[in-house]
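> Here are the chains, one letter per residue:
2 protein chains.
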Amino acid sequence: MDFERTMQLLNEKKYNIIKSELGNYQTADIAEFIEELEEKQALVFFRLLPKEIASEVFSYLSVDRQAEISALANEKELANIVADLYFDDKVDYLEEMPAYVVKKILRNTSEAERKLINQFLAYPENSAGSLMTIEFVDIKKELTVSEVLDKIRKTGPNKETIYTCYVTDSWRHLLGTISLKELVLADVNTKIEDIMHTGPIYVNTHDDQEDIADTFKKYDLLAIPVVDNENRLVGIITIDDIVDVIEEENTEDFYKMAAVAPSDEEYINTGVLALSRKRIIWLLVLMISATFTGYIIKSFESTLSSVIALSAFIPMLMNTGGNAGSQASAIVIRSIVLGELSFKDIFKVFWKELRISLLVGSVLGFLNFIRIFFLERYSFPIALTVSATMLFTVVIAKVIGGMLPIIAKKLRLDPAIMSTPIISTIVDAVTLIIYFYFAMWFLKISV
Amino acid sequence: MDFERTMQLLNEKKYNIIKSELGNYQTADIAEFIEELEEKQALVFFRLLPKEIASEVFSYLSVDRQAEISALANEKELANIVADLYFDDKVDYLEEMPAYVVKKILRNTSEAERKLINQFLAYPENSAGSLMTIEFVDIKKELTVSEVLDKIRKTGPNKETIYTCYVTDSWRHLLGTISLKELVLADVNTKIEDIMHTGPIYVNTHDDQEDIADTFKKYDLLAIPVVDNENRLVGIITIDDIVDVIEEENTEDFYKMAAVAPSDEEYINTGVLALSRKRIIWLLVLMISATFTGYIIKSFESTLSSVIALSAFIPMLMNTGGNAGSQASAIVIRSIVLGELSFKDIFKVFWKELRISLLVGSVLGFLNFIRIFFLERYSFPIALTVSATMLFTVVIAKVIGGMLPIIAKKLRLDPAIMSTPIISTIVDAVTLIIYFYFAMWFLKISV
Chain G
13 MDFERTMQLL NEKKYNIIKS ELGNYQTADI AEFIEELEEK QALVFFRLLP
63 KEIASEVFSY LSVDRQAEIS ALANEKELAN IVADLYFDDK VDYLEEMPAY
113 VVKKILRNTS EAERKLINQF LAYPENSAGS LMTIEFVDIK KELTVSEVLD
163 KIRKTGPNKE TIYTCYVTDS WRHLLGTISL KELVLADVNT KIEDIMHTGP
213 IYVNTHDDQE DIADTFKKYD LLAIPVVDNE NRLVGIITID DIVDVIEEEN
263 TEDFYKMAAV APSDEEYINT GVLALSRKRI IWLLVLMISA TFTGYIIKSF
313 ESTLSSVIAL SAFIPMLMNT GGNAGSQASA IVIRSIVLGE LSFKDIFKVF
363 WKELRISLLV GSVLGFLNFI RIFFLERYSF PIALTVSATM LFTVVIAKVI
413 GGMLPIIAKK LRLDPAIMST PIISTIVDAV TLIIYFYFAM WFLKISV
Chain S
13 MDFERTMQLL NEKKYNIIKS ELGNYQTADI AEFIEELEEK QALVFFRLLP
63 KEIASEVFSY LSVDRQAEIS ALANEKELAN IVADLYFDDK VDYLEEMPAY
113 VVKKILRNTS EAERKLINQF LAYPENSAGS LMTIEFVDIK KELTVSEVLD
163 KIRKTGPNKE TIYTCYVTDS WRHLLGTISL KELVLADVNT KIEDIMHTGP
213 IYVNTHDDQE DIADTFKKYD LLAIPVVDNE NRLVGIITID DIVDVIEEEN
263 TEDFYKMAAV APSDEEYINT GVLALSRKRI IWLLVLMISA TFTGYIIKSF
313 ESTLSSVIAL SAFIPMLMNT GGNAGSQASA IVIRSIVLGE LSFKDIFKVF
363 WKELRISLLV GSVLGFLNFI RIFFLERYSF PIALTVSATM LFTVVIAKVI
413 GGMLPIIAKK LRLDPAIMST PIISTIVDAV TLIIYFYFAM WFLKISV
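Top line first, the protein sequences correspond to chains G and S.
With the numbering used here as the guide, the letters of the first sequence map in order to residues 13 to 459.
With the numbering used here as the guide, the letters of the second sequence map in order to residues 13 to 459.
When chains are identical, the list treats them as one kind, so a pair holds in a single copy or across two.
Derived pair list, reagent style SDA-like, types lysine to any residue, alpha-carbon separation capped at 20 Å:
1) LYS360 <-> SER288
2) LYS166 <-> ASN201
3) LYS360 <-> ILE280
4) LYS63 <-> GLN78
5) LYS230 <-> ASN36
6) LYS203 <-> ASN36
7) LYS230 <-> ILE258
8) LYS153 <-> ASN36
9) LYS171 <-> LYS193
10) LYS171 <-> VAL196
No lab work stands behind these hints, which were simulated from the structure alone.
Here the structure is a predicted model, which is why all the values come from computation and not from measurement.
So that you can see chain G by itself, here it is in the shape it has in the complex:
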């Protein structure tokens, strides 16, 4: 889609040309174009869209733009847009709109749909219920393939996906599934019960979205049925929403790893106060823990003042320790999230991190000895103190970094909370204690 050309046509009010060209564009591109327009122009352009694609374009728009268009549009226009939204998009949209827009919409909604909307709004955030939609094809097992294909032809245009059909009994219990591929390939007179897959994979309305995403990944699904507590089929979740969930969960882990409270909002649209609040809590916690590191230094003040040279190596030792620990924790956290590691592997991780750290620590310690003793010509005890601390720090950092996320997982905590900043803080303290004890030992300093 040529944004510049369309913009020019819009400015020149050549609406007919725009209309004739709209058919060639992807709805996602049209939405992107609308995002770049000014408020009033956005509505003008949106009104040019043919009815068939207006709702789809609308569902791609940002919440802010949706709100602006909803505020400017008249009641009938709004009713049309909302009527054609898929139910999951509709619920998401209503959740975000200001009260007066919601009111405007609900006036044009049937009693039954209003009830359903309220029911969906009540599902907990991040649950299957909050992700699912109701536009799926449900069929009875007694039907033949040709009868089902007829049903799809009649009801299909309004379904979010027709690629899997769900077989239910009269109490709406889920009995099995059959894919459109199988329907198309099967003999038209076959009965559904003879070819359907029994024992289908499904989730409960209250299941967590992260687990659902794992199920999609494991079974390479395009959609999954959702049942309520009475095992009745109430909705489906489609892969496009799961892709968003995967990115959301990853973002959350990234934030945790950097000690930021997670957020659903886009950075650029979030206010300074809200962003500050999400950051200051962890900074405070970590600052207080780092204060203890300061107390360690203070309690060894006499060691430090008698060999002031020791202080010059503290940043390097603390940094390397922190980095070594965060490397191990990041790898282990990620492996747990991807399902490659679990608690039963704890000794394997311990043994692996021990060997890695002995190897890496020895190399770093050795290089430091060369630099400090031969190149910078410090005394032998100082070089030895720094090198030995380096080795021990790397070993302890990597073992702690590797163990803590697994232990957190076992304690049903999120492994990602054992992130870089926490590991660094722990390792810092350990590093300093080792350093000063080695210093007293090798340098024969008494406290």
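Based on the hints, put chain S in the right spot on chain G.
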């Protein structure tokens, strides 16, 4: 699938019962079960699988298990498995197998397929070519809907997805697409050219997998066509592979954020030497940079030795600075990756981070002043030095942390390299310089 029960049946050699029950299980679950068996048992169990699902189960197995089964299976068995693999899985598999297994397989492969395999093996890693498969439905625009449905019925069983059909001309140029949903819903006598979507979204064989994943996310696709440099349709990529790509790219970003060289291998299956190599390079680089931080301390040694109390606050200041910077960089990196931020937003980010850091830094500085002056009863100049350094450090850390990833992106570098360890190292040095200058100023110490 009840693993324990199946295991018992296997041990009791009740193969017929197992066979009769296999139909109720998901292929992904069967593969998971096979992973837990011993080598010989795995082959025994694998031989029980009906031919229709054997290849699918095989494609879900880990590379190690695939290699073991391939080594133990006879040539005919292996030929059967490989023949039914989708082409993308086949290429991935051949890429990983030892030479003698590959030889065993290629003996049973036609000349034409061998050529195609070699062509696919030549595509660069992480390119569209390395992800695509050749089992797609291609049709001519002159056909009617019913002719196409007939064609799908004939060739469909061997296609990875039949949910999108690709319309090509006689030179195999991609003209348009039509979904199975549209085919099923359309009148059977309609010509394809009248209902196909022209201007389809496609990628080139050499496009990077990260960009392709972004395209999937933007347009909510289930599959995307891949064309070669002459614009001929050569394959398609399906959403299940893209979900894997998304997780792979996220893992890479997690590793970069923790200063680990990225890797495709699972942690638990990677050797100690390989893991050490992936970690030591960055540790070395960061250790050397941290050495400079040490030089800063050394050059202010006289300041430090005249007021030794100053050293106790260094870890807290450095840690808080590093954490404040890594918070900003993680958020900005993630926003860039998700396409929410670009270079044009650089001033917005600057202004936002400046305000956040002034707010957060003031609070932290103020709390430190209270603690140091009132609670711990240090002198006023010392409390002022620490508090003022805290404020300035947080401001500089957040602004640097926010700016560097955007600048990296502009310079066509991966923003994720501006990760926690690098930001911390830069911020450490800046923090110390500020600290010592404030100390000299407020404490009237001359160097």
